[in-house]
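Trainee: Here are the chains, one letter per residue:
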Amino acid sequence: MSKRVKDLDSRLERLEGALTLANTGTFDIDVEVSDELDFDDPLTAVETGVYVLINDMGEQVMESRKRSQELQDKLNLIEKQRQAIEELSTPIIKIWDQVLVLPLIGTLDTRRSQKLTEALLTDISATQTKVTIIDITGVPNVDSAVANHLLKTVAAVQLLGASCVITGIRPEVAQTIVHLGVDLGGVETLSNLAEGLQWALNRLKYRILKEEGVQ
Amino acid sequence: MITQSIPILKLKEFLLVSIQTDLHDRMAEQLQYDILQHISKTGAKGVLIDISALEMVDSFIGRTLADTARMASTLDAEIVIVGMQPAVAITLVELGLSLGDVKTAMNLDEGYTLLVEQLSKNGSNQIESEEKEEVSIDDSG
Amino acid sequence: MIVVRIKDVGDIIKARSAVKDVAEKLGFGIVDRTRISTAVSELARNIYLFAKEGDVQIEELSNPHKGIRITFIDHGPGIEDIDLALKDGWSSSNGMGKGLPGARRLVDLMEIESQPGKGTTVIIEKWLKG
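First to last, the protein sequences are chains B, V and C. Heads up: take any position in the first sequence, counting from 1, add 64, and you land on the numbering used here. Heads up: take any position in the second sequence, counting from 1, add 6, and you land on the numbering used here. Heads up: take any position in the third sequence, counting from 1, add 10, and you land on the numbering used here.
Rather than coming from a laboratory, the hints here were simulated on the basis of the structure. The beta carbon of each residue, even a glycine, is placed where N, CA and C say it ideally should be. Be aware that one or more of the hints could be misleading.
What the hints assert, rightly or not - Calculated Cβ distances over 10 Å to all of chain V for the following chain B residues:
| id | residue |
| --- | --- |
| 1 | LEU76 |
| 2 | VAL116 |
| 3 | MET121 |
| 4 | GLU150 |
| 5 | ALA238 |
| 6 | SER255 |
| 7 | ASN266 |
| 8 | ILE272 |
Stated by the list, open to error - With a Cα cut of at most 25 Å, we get these calculated DMTMM-like pairs of lysine to aspartate or glutamate:
| id | chain 1 | residue 1 | chain 2 | residue 2 |
| --- | --- | --- | --- | --- |
| 9 | B | LYS194 | V | GLU61 |
| 10 | C | LYS76 | B | GLU150 |
| 11 | C | LYS24 | V | ASP31 |
| 12 | C | LYS30 | V | ASP31 |
| 13 | V | LYS109 | B | GLU182 |
| 14 | C | LYS139 | B | ASP187 |
| 15 | C | LYS24 | V | GLU61 |
| 16 | C | LYS97 | V | ASP73 |
| 17 | C | LYS35 | V | GLU61 |
| 18 | B | LYS158 | V | ASP115 |
| 19 | V | LYS109 | B | ASP187 |
| 20 | C | LYS30 | B | ASP187 |
| 21 | C | LYS76 | B | GLU182 |
| 22 | C | LYS62 | V | GLU35 |
| 23 | C | LYS139 | C | GLU34 |
| 24 | B | LYS194 | V | ASP107 |
| 25 | C | LYS139 | B | GLU143 |
| 26 | C | LYS30 | V | ASP28 |
| 27 | C | LYS139 | B | ASP173 |
| 28 | B | LYS194 | V | GLU123 |
| 29 | C | LYS30 | V | GLU61 |
| 30 | V | LYS109 | B | ASP161 |
| 31 | C | LYS35 | V | ASP28 |
| 32 | B | LYS194 | V | ASP56 |
| 33 | C | LYS76 | B | ASP173 |
| 34 | B | LYS269 | V | ASP107 |
| 35 | C | LYS97 | B | ASP173 |
| 36 | C | LYS97 | V | ASP31 |
| 37 | B | LYS194 | V | GLU116 |
| 38 | C | LYS24 | V | GLU35 |
| 39 | C | LYS30 | V | GLU35 |
| 40 | B | LYS269 | V | GLU123 |
With the rest of the complex left out, here is chain B (with noise of 0.2 Å):
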């Protein structure tokens, strides 16, 4: 006659309740079976081997979610700083009274072109500044998306009594724009930024004197 198991019926559901929650995801059980393990009885086995797996899977399902955690973490880190590129890559400098110098670094998107937009429109608004130069030597790229993209933030900072003039425009650039056939009529344009200051100034009506016969 083999060996008596004690209390069957509750160890057996207890048995499929901590399979149960394992296959929803639930590790969590306590693994001591009883205070007094009981060799004998065939069935403290099977509950110790089923109670171990389910307690190493716990620890391996932990585990991964730590992983999963950190990578999610990084990528937010990542996320973070493409944002901060973006924003560090867009400033907007007050380089004179009453005018304001957009350096544009990279490459111009639609996402981007309206942000920066927005940004520029609501500095000029809030400090009531009457020229600004958009910089663009640092955009490798000006294809017609792009000089559409300048000539709407030009229309835009018109509409608001402001004056803009767009420098740094590159031979290769000035090439493109033409065999593009993009019009910037209306839209004044520099070669350089020294040039843009110059403008700006005269615009304002300011004269710069070099003093003669100091010593």
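Following the hints, complete the assembly by docking chains V and C onto the known chain B.
Mentor: Below, chains V and C alone, put in the same frame as chain B:
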């Protein structure tokens, strides 16, 4: 519906209009008519239209403003739109609407200065007929 | 859902201010609120001009995009050629032809269903971007 009218004030040789309420189409048309009547009656040389309280300018209001400016210039008066909100300017450009050669200024002070400059440049009774190319904006990309 | 009935020219203002309130409550920034209310102004005017009357329905969106959806329903003459109506510069009224194409540029999604003689339904959506 009763159409509220927007007050038009005379200040020396200029007119001053401040739009303080959300405009519907009929009000915009009424305003156009009133401004032209006032120019004709007073011989005003310039009109400052303050739109700083306008929260949006759609194609109808935009077109009415641009038309009014063109009509006023045939009456020898210059219109300056003053104080457009940044969000309104951005939306107008995205809408694809150009206000043509309508002059804009950031605030009343600057609008006034612009009109005075324009007046001294134009001389007395010369009708300005300078046609400017509109900045064309297309939406590719 | 909020419904604004368009029957009079002044109802265009009611529609856009109702939309602006909802958009503000949902957390849209000033520029997006202006884009949305301008698009609504254009499309509500189309109802007033062509169909004489119709409804503007405003509802909140949560899936897959959080945002706002506005539906313009009328039983007016309908649009014969939607592609043509979406073309820049084209207009059958005395507008500037900026109504449909202009409004489309201001939103993230625009769908038009129209049957000549039966009416038009235009749906626009603007999504909140993270």
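Trainee: Next, verify each hint and record whether it holds.
Mentor: Quick rundown of the hints versus the structure:
no.: 1; hint: LEU76; in the structure: holds (68 Å)
no.: 2; hint: VAL116; in the structure: holds (61 Å)
no.: 3; hint: MET121; in the structure: holds (52 Å)
no.: 4; hint: GLU150; in the structure: holds (18 Å)
no.: 5; hint: ALA238; in the structure: holds (19 Å)
no.: 6; hint: SER255; in the structure: holds (21 Å)
no.: 7; hint: ASN266; in the structure: holds (15 Å)
no.: 8; hint: ILE272; in the structure: holds (23 Å)
no.: 9; hint: B:LYS194 <-> V:GLU61; in the structure: holds (22 Å)
no.: 10; hint: C:LYS76 <-> B:GLU150; in the structure: holds (24 Å)
no.: 11; hint: C:LYS24 <-> V:ASP31; in the structure: holds (13 Å)
no.: 12; hint: C:LYS30 <-> V:ASP31; in the structure: holds (19 Å)
no.: 13; hint: V:LYS109 <-> B:GLU182; in the structure: holds (21 Å)
no.: 14; hint: C:LYS139 <-> B:ASP187; in the structure: holds (22 Å)
no.: 15; hint: C:LYS24 <-> V:GLU61; in the structure: holds (14 Å)
no.: 16; hint: C:LYS97 <-> V:ASP73; in the structure: holds (23 Å)
no.: 17; hint: C:LYS35 <-> V:GLU61; in the structure: holds (17 Å)
no.: 18; hint: B:LYS158 <-> V:ASP115; in the structure: holds (22 Å)
no.: 19; hint: V:LYS109 <-> B:ASP187; in the structure: holds (21 Å)
no.: 20; hint: C:LYS30 <-> B:ASP187; in the structure: holds (24 Å)
no.: 21; hint: C:LYS76 <-> B:GLU182; in the structure: holds (22 Å)
no.: 22; hint: C:LYS62 <-> V:GLU35; in the structure: holds (19 Å)
no.: 23; hint: C:LYS139 <-> C:GLU34; in the structure: holds (14 Å)
no.: 24; hint: B:LYS194 <-> V:ASP107; in the structure: holds (18 Å)
no.: 25; hint: C:LYS139 <-> B:GLU143; in the structure: holds (14 Å)
no.: 26; hint: C:LYS30 <-> V:ASP28; in the structure: holds (13 Å)
no.: 27; hint: C:LYS139 <-> B:ASP173; in the structure: holds (16 Å)
no.: 28; hint: B:LYS194 <-> V:GLU123; in the structure: holds (16 Å)
no.: 29; hint: C:LYS30 <-> V:GLU61; in the structure: holds (10 Å)
no.: 30; hint: V:LYS109 <-> B:ASP161; in the structure: holds (23 Å)
no.: 31; hint: C:LYS35 <-> V:ASP28; in the structure: holds (20 Å)
no.: 32; hint: B:LYS194 <-> V:ASP56; in the structure: holds (18 Å)
no.: 33; hint: C:LYS76 <-> B:ASP173; in the structure: holds (23 Å)
no.: 34; hint: B:LYS269 <-> V:ASP107; in the structure: holds (23 Å)
no.: 35; hint: C:LYS97 <-> B:ASP173; in the structure: holds (23 Å)
no.: 36; hint: C:LYS97 <-> V:ASP31; in the structure: holds (23 Å)
no.: 37; hint: B:LYS194 <-> V:GLU116; in the structure: holds (10 Å)
no.: 38; hint: C:LYS24 <-> V:GLU35; in the structure: holds (19 Å)
no.: 39; hint: C:LYS30 <-> V:GLU35; in the structure: holds (24 Å)
no.: 40; hint: B:LYS269 <-> V:GLU123; in the structure: holds (14 Å)
In summary, the structure agrees with every hint in the numbered list given earlier.
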